[in-house]
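Sequence order for the protein chains is A and B.
All residue numbers for the first sequence refer to the numbering used here, where the first residue is 502 and numbers rise by one.
All residue numbers for the second sequence refer to the numbering used here, where the first residue is 951 and numbers rise by one.
One thing to keep in mind: the hints can contain errors.
Unchecked claim - Capping the alpha-carbon separation at 30 Å, the derived lysine-lysine pairs in DSSO-like fashion look like this:
(1) B:Lys1011 with A:Lys1070
(2) B:Lys968 with A:Lys1030
(3) A:Lys803 with A:Lys822
(4) A:Lys1075 with B:Lys1046
(5) A:Lys1030 with B:Lys1011
(6) B:Lys977 with A:Lys1070
(7) B:Lys968 with A:Lys941
(8) A:Lys1007 with A:Lys980
(9) B:Lys1064 with A:Lys941
(10) A:Lys1030 with B:Lys987
(11) B:Lys1061 with B:Lys996
(12) B:Lys1011 with B:Lys987
(13) A:Lys1038 with A:Lys980
(14) B:Lys968 with A:Lys939
(15) A:Lys1118 with B:Lys1011
(16) B:Lys1021 with A:Lys1075
(17) A:Lys1070 with B:Lys987
(18) B:Lys1021 with A:Lys1070
(19) A:Lys560 with A:Lys571
(20) A:Lys997 with A:Lys822
(21) A:Lys609 with A:Lys560
(22) A:Lys551 with A:Lys609
(23) B:Lys1018 with A:Lys1075
(24) B:Lys1041 with A:Lys1075
(25) A:Lys1075 with B:Lys987
(26) A:Lys939 with B:Lys1061
(27) A:Lys1070 with A:Lys991
(28) A:Lys1007 with A:Lys997
(29) A:Lys939 with B:Lys977
(30) A:Lys1075 with B:Lys1011
(31) B:Lys977 with B:Lys1018
(32) A:Lys939 with B:Lys1046
(33) B:Lys977 with A:Lys941
(34) A:Lys1002 with A:Lys1075
(35) A:Lys941 with B:Lys1061
(36) A:Lys1118 with B:Lys987
(37) B:Lys997 with B:Lys1046
(38) B:Lys1064 with A:Lys939
Calculated directly from the structure, the hints in this document are not laboratory data.
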Amino acid sequence: MSGKQSISGFENFFDSTPMSIIVVQDFYKIVYANKAFFESTGYPNSSLGKLNFFDFIHKDDHALIQERIKILESGGKPETSMQIRIIRKDSTVAISRISAFDITFEGKESRLLVGVNISAEPLLEQSPELVNSILDTLTKHSELGFWVDDINDHTVFINDRLCASLGYTFDEIQNQSVTDFLHPDSREVYIKTLRERTEADIPSSSYELILINREGRPNTFRVVGSLLNDQAGNPIGSVGFFTNIEATKKLSLTVSVLNKYALFSRYKDLSSFWENVVNDLIEIYYADGGLVFLDGETLAQKGTFSKNFNPQEVLEDLAKKGENVLYLQDNLSEISAEASSCVIAALHLNQLPAGFILLSSSIENLFYPEDIDLITAFSSQISLNYEHHFLYLESEEEREFVSVLLDIISHDFLNANTSVHGYLELLDQATGTIEPEKIKEYVSRSISVVERSERILQTVQQLTKIQRERKIRRLVYIKPLLENAIEMQKTLFHPKSINVKLDCQKNENVIAGDLLENVFENVINNSVKYANEEIPKIDISCQIMTVDGQNMVEIRFIDYGIGIPDDVKPMFFKRLSRGDHRFQEGSGLGLYLARVIVNSYSGEIRFENRVSDDHTKGTVVVILLPAGG
Amino acid sequence: MATIYIIDDEETIQFLYKEGLTLEGHKIIGTAHNGSKAIEEINNLKKYPDVIILDHRMPIKNGLDTLKELKEYKLIAKSKVLFITADPTVKEEAGKLGVTSFIQKPFSIIKLGKMITEMVR
Chain A
502 MSGKQSISGF ENFFDSTPMS IIVVQDFYKI VYANKAFFES TGYPNSSLGK
552 LNFFDFIHKD DHALIQERIK ILESGGKPET SMQIRIIRKD STVAISRISA
602 FDITFEGKES RLLVGVNISA EPLLEQSPEL VNSILDTLTK HSELGFWVDD
652 INDHTVFIND RLCASLGYTF DEIQNQSVTD FLHPDSREVY IKTLRERTEA
702 DIPSSSYELI LINREGRPNT FRVVGSLLND QAGNPIGSVG FFTNIEATKK
752 LSLTVSVLNK YALFSRYKDL SSFWENVVND LIEIYYADGG LVFLDGETLA
802 QKGTFSKNFN PQEVLEDLAK KGENVLYLQD NLSEISAEAS SCVIAALHLN
852 QLPAGFILLS SSIENLFYPE DIDLITAFSS QISLNYEHHF LYLESEEERE
902 FVSVLLDIIS HDFLNANTSV HGYLELLDQA TGTIEPEKIK EYVSRSISVV
952 ERSERILQTV QQLTKIQRER KIRRLVYIKP LLENAIEMQK TLFHPKSINV
1002 KLDCQKNENV IAGDLLENVF ENVINNSVKY ANEEIPKIDI SCQIMTVDGQ
1052 NMVEIRFIDY GIGIPDDVKP MFFKRLSRGD HRFQEGSGLG LYLARVIVNS
1102 YSGEIRFENR VSDDHTKGTV VVILLPAGG
Chain B
951 MATIYIIDDE ETIQFLYKEG LTLEGHKIIG TAHNGSKAIE EINNLKKYPD
1001 VIILDHRMPI KNGLDTLKEL KEYKLIAKSK VLFITADPTV KEEAGKLGVT
1051 SFIQKPFSII KLGKMITEMV R
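Extracted from the complex, chain B is given alone in its bound form (with noise of 0.2 Å):
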């Protein structure tokens, strides 16, 4: 079982994530819909989530942005992300911002929540 923290500016993938992971056993420890809102919030949990999820293509704040704040606040060391993108350029630049694990739309959410359960064994 993971503790996961979901950033995806879209409320029903949010919530299809809640849901299935919820499914396979994981814990949903918080959401938001942009990366400058989830920085702010990780910062004060009491405990670091395993895995971020964390998407691309998002307004205000991308993936990729948000990711080099997590890096600055040494959250990457701390926690596991997931990146989801379909862009292989973007890709490469995550794995240089310390990402190992990425996943591509449309999945299945069944495999999505196993693939979690791996990164945390």
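Next comes chain A alone, as it looks inside the complex (with noise of 0.2 Å):
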């Protein structure tokens, strides 16, 4: 045991020190305290003895302590200082800085332990390395940035972690203020909160702060932040937890943004869907500028990109790299000149490389690789959303006329068939013994109905040809068609004449297809089917309009026929409907076709009185289409 310090008679002197001195033998049990170890720890000194070491521990520094123990049982040296949580008698925690010696006390080997409680002092006190200690003591299990500031917002201190996380020296930061590092947006946030605690008595609070690091960076971090007093309760300085949540606060808003679209028809205007997504984009990753290109078109464009920069090329580059993602920083002119980072992610249709997200910044190395995968997982699940959107549509629509077709079947051809069938029936039943006469109207009757079942497999031919032709879509003069469909309709009623007067101009035209002239051709027809004078007259005009936003063509087809009472009116447009007994002559099917055709250009078909109080004055058919260039 020689070497080893005895400390008897040194009572007095120990019992006249501010720290806090005790020994302790067998490792556990305190058989010796100063007056300040009583004083500071609020025991009694009748308690001594009674007292084990680890009764004012922190629960948390157990491990610690123990982790001594096992160094000292197996002869080792463990560090002569520590910093241990002290838990005094009324409960409250007092930091404590320990330096431990190997004596003798009463003749027996024991420990020496010298205490300073670091946090009976304001922290501003001391040395910036025993500060940052402490704080990396604290900390050190929970990723913790530890800033802490003085009254007139000067850095003080912050700890090796946060410093790290921004890029910066202690030396760099010290003396600066937050403010100095704050994304613009964070600035008022920052200077409520600091007004808060010394005007509105508010001296904890939690908020969220956008830093920029070294390389430009911004970042987010969740700070709880507190006012530092001294011990006359004077605001002295703050001091802030900094968690960096930069990658949750992006996961979070990504699958938001996600959310947000996750199904088109939510969506109440597809025309500006995808700008949305790149505005929305652009926050999340504190991007500049950003495109979608898809289906060989630029859907959405924010900020400039360079003339030479084409989207398609860089769409082949990413099919033959056979990549879903390039995150590029050099060379980024071809693309925009003030571009100094940028990723471009793949949107896919069919499962094949149909288009891209691009994001960029004049910020260098601005996305972090956690951000690339995220933008890459959120174009991958945006464009199948986009697909299942129009496949459901397509679906629908699939669905409608596989409707159609079977209703036709179950219902008109059901109907033709009895009424065919009960003719027969009539004629065989009364045979020899009917007149002439009513074999002819059943015969006739039989004849006109099977016409009837012509002309709707003909309908049945056109909603085939409607399903496979509605996609296509071109520029479509109207003038030229409406001509066609007029002459078409005159040679059908010749030798009825028919008075049309056409006021189009030669160059009005819309997007839409062949289909159309069939629609013009059935409008029409039913003109002059239901007209009431000798002479069926007709005036067509064409007029360009904007509707919400959209330059349309507007095609007025006036009658002067017998009119179309107005809740009979939308019947027309529906399968299923002659809409009154007085229209019995087609297949049922012509308006309806003529709606699915015009709704398949993206556009609508209504009645309108000619004289608007009075629907026996004749019919204006509407149609509104898209107009072309």
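Using the hints, build the complex out of the two chains.
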């Protein structure tokens, strides 16, 4: 035991020091404690001998002590100094820096522990190294950053972890203000919080700050900030615990955007869909520019791109490389003069690259690897949503088509069969006794039913054609199409005359397809069929107009026929309806087909009265179609 | 012999009913192309028809809607309804509204005449 010190005779000296001094034997048992120890812990002198060393150590520091004991038991030497949390008798916590030495006390091997209560004094009075060491101990399991400012908002301490996160050294940050590192969006929040602490008596608060790191990348931190007071209760600075939530925030916002656009049908204005997606992504990832290229078209663009930038070539490059994402930091001048970093994430249709989302920024290395992963995942998912939407619409159209076909079979043909079967039965039943006029009537009606069936079959063929060709759209000049349709109807009704006045300009055009002529023929045919005059009169006019910001062409077919009651008007465009018994000549599908065709060209068809309050004075068929160039 | 009122939107089918059922000895006392017109007319008849032939698939007001109105005006209690439909779900609902006789297209006009004879026997 030689070389070990004894404290016998030093008790009076120990009692005069502000440091807490205890002697521990058998690793746990406190056999001596000085006056400062009893004062600082709140235990009475009489508790000596009953106290166990672990009684006043914070439970989270027990492992640290156990580890040191193990070293001692194995004959090793633990580090002399350590910081531990002391639990006072009133359960409050004090941080203590302890130094430990081997001694002999009352003839027995013992450990002398000398503690300085470093939490009792303001942190600001400690050396930066010590505070960093304490804070590091406090925060080492939580990845917390720690930032202490004085009352003038100058940095006094910042722990190593937060320094590393920002990419600066302590020396570079010392004496600077937090505001020097703040993203402009966070300045107001920070100043407001500081003001609330001092003026509104809100000493602690939790808020988010975006700090810019050395590379210029913004990082969002969740901050729990609090005022630091001196022993007299006067504010001497503030302290903030910083947790970097950048990755979590981006993940959460990206998922929110995906959810927001999960169902395209929920999104009212599809024309600005991609523009909104780009704007949202730019905001989340602090980008400056963005672009969506899909199916050969640039669907949204924010920012300026170089003249040489060719999205199709970028897509081909992406497909050639077989990559889902490209992260570019060099040679970006071909994309944009301002861009210093750029992510290009593929959009897929039918499992093949069909486009991409591009995000660019003037900040070098803006995108973290996890950002790129998220943007790629976002692009994959949004293109699935996009594709799903159109497949859904297509399947709905197919379903309607099949349903109409089944309906035609189960209703129209069934009715036709019932009629013809019935008339044949009557002829059979009354053979020999039936009057020739009756025979003629039954046969004539049967022929008429069969002819109608044939017309229905022609309509079914047209429906099939619509299904096939509804997506084929092109620039269609209206006037020649109307002239053809008028001529066709004139031939059909010959020798009956038709008086058609056509008021359309030669260059008026729409985005539609070949089936538009069928629509015009059908509408003119109905006007002639249900005309009131000897020579049916039809006025046709075209007019360009703006509807909801879109250029449309309105084509009006005005007739002077028997008219359609207002309550019956909507029935005409529905399947199964000739609307009224007066309109029984056709297949009953003509105007339904017209509506399907016009709708497939993103247009509208409706009836109006020629004379607004009197349906008997004739009808106006109004067709609205998107204008061409 | 039954007095019959026909509600069907197709003129050719109406004519067939008239011819075929008359041949069987029945008397057609009225026709309508839709339910609304039929109810108005039946209410104005001096004597309610023995049988109302009601087609389900009609524009403006279908067979079921017409049936509800017929029930509302207590016409179902006064006349028997022969409901024409191929849809089993509609059949069930029509049954709940008091219809007991159904026929599905295509059918024989001769058999329809005999069926009505049975209904009023």
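Right, here's what the structure says about each hint:
1. B:Lys1011 with A:Lys1070: It holds: about 14 Å lies between the C-alpha atoms, which stays within 30 Å.
2. B:Lys968 with A:Lys1030: Answer holds: Lys968 of chain B to Lys1030 of chain A is near 27 Å, not above 30 Å.
3. A:Lys803 with A:Lys822: holds, 26 Å
4. A:Lys1075 with B:Lys1046: holds, 28 Å
5. A:Lys1030 with B:Lys1011: Satisfied, since the Cα-Cα distance of roughly 25 Å is no more than 30 Å.
6. B:Lys977 with A:Lys1070: violated, 35 Å
7. B:Lys968 with A:Lys941: holds, 16 Å
8. A:Lys1007 with A:Lys980: Roughly 6 Å between the alpha carbons, so the hint for Lys1007 of chain A and Lys980 of chain A holds.
9. B:Lys1064 with A:Lys941: holds, 25 Å
10. A:Lys1030 with B:Lys987: With a Cα-Cα distance of about 25 Å, the restraint between Lys1030 of chain A and Lys987 of chain B holds, given a limit of 30 Å.
11. B:Lys1061 with B:Lys996: holds, 29 Å
12. B:Lys1011 with B:Lys987: OK: Lys1011 of chain B and Lys987 of chain B at ~10 Å, within 30 Å.
13. A:Lys1038 with A:Lys980: Answer holds: Lys1038 of chain A to Lys980 of chain A is near 18 Å, not above 30 Å.
14. B:Lys968 with A:Lys939: The given pair, whose Cα atoms are some 13 Å apart, holds under the 30 Å limit.
15. A:Lys1118 with B:Lys1011: Since the Cα atoms of Lys1118 of chain A and Lys1011 of chain B sit roughly 25 Å apart, the hinted pair holds (cutoff 30 Å).
16. B:Lys1021 with A:Lys1075: holds, 28 Å
17. A:Lys1070 with B:Lys987: With Cα atoms ~18 Å apart, Lys1070 of chain A and Lys987 of chain B stay inside 30 Å; holds.
18. B:Lys1021 with A:Lys1070: Holds, at about 28 Å.
19. A:Lys560 with A:Lys571: holds, 17 Å
20. A:Lys997 with A:Lys822: violated, 68 Å
21. A:Lys609 with A:Lys560: The given pair, whose Cα atoms are some 28 Å apart, holds under the 30 Å limit.
22. A:Lys551 with A:Lys609: Holds - the C-alpha atoms of Lys609 of chain A and Lys551 of chain A are around 18 Å apart, at most 30 Å.
23. B:Lys1018 with A:Lys1075: holds, 23 Å
24. B:Lys1041 with A:Lys1075: Holds: Lys1041 of chain B and Lys1075 of chain A sit about 24 Å apart, inside 30 Å.
25. A:Lys1075 with B:Lys987: holds, 21 Å
26. A:Lys939 with B:Lys1061: Measuring from Cα to Cα gives roughly 21 Å; hence the hint holds.
27. A:Lys1070 with A:Lys991: Given pair Lys1070 of chain A, Lys991 of chain A holds - Cα atoms ~26 Å apart, limit 30 Å.
28. A:Lys1007 with A:Lys997: It holds: about 28 Å lies between the C-alpha atoms, which stays within 30 Å.
29. A:Lys939 with B:Lys977: holds, 18 Å
30. A:Lys1075 with B:Lys1011: Cα-Cα ~14 Å, so holds.
31. B:Lys977 with B:Lys1018: Distance of about 25 Å is within 30 Å: holds.
32. A:Lys939 with B:Lys1046: Outside the cut-off at roughly 40 Å; violated.
33. B:Lys977 with A:Lys941: holds, 23 Å
34. A:Lys1002 with A:Lys1075: holds, 29 Å
35. A:Lys941 with B:Lys1061: holds, 23 Å
36. A:Lys1118 with B:Lys987: At roughly 23 Å apart (the allowed maximum being 30 Å), Lys987 of chain B and Lys1118 of chain A satisfy the hint.
37. B:Lys997 with B:Lys1046: holds, 26 Å
38. B:Lys1064 with A:Lys939: Given pair Lys1064 of chain B, Lys939 of chain A holds - Cα atoms ~22 Å apart, limit 30 Å.
Of the hints listed earlier, those the structure fails to meet are numbers 6, 20 and 32, in rising order.
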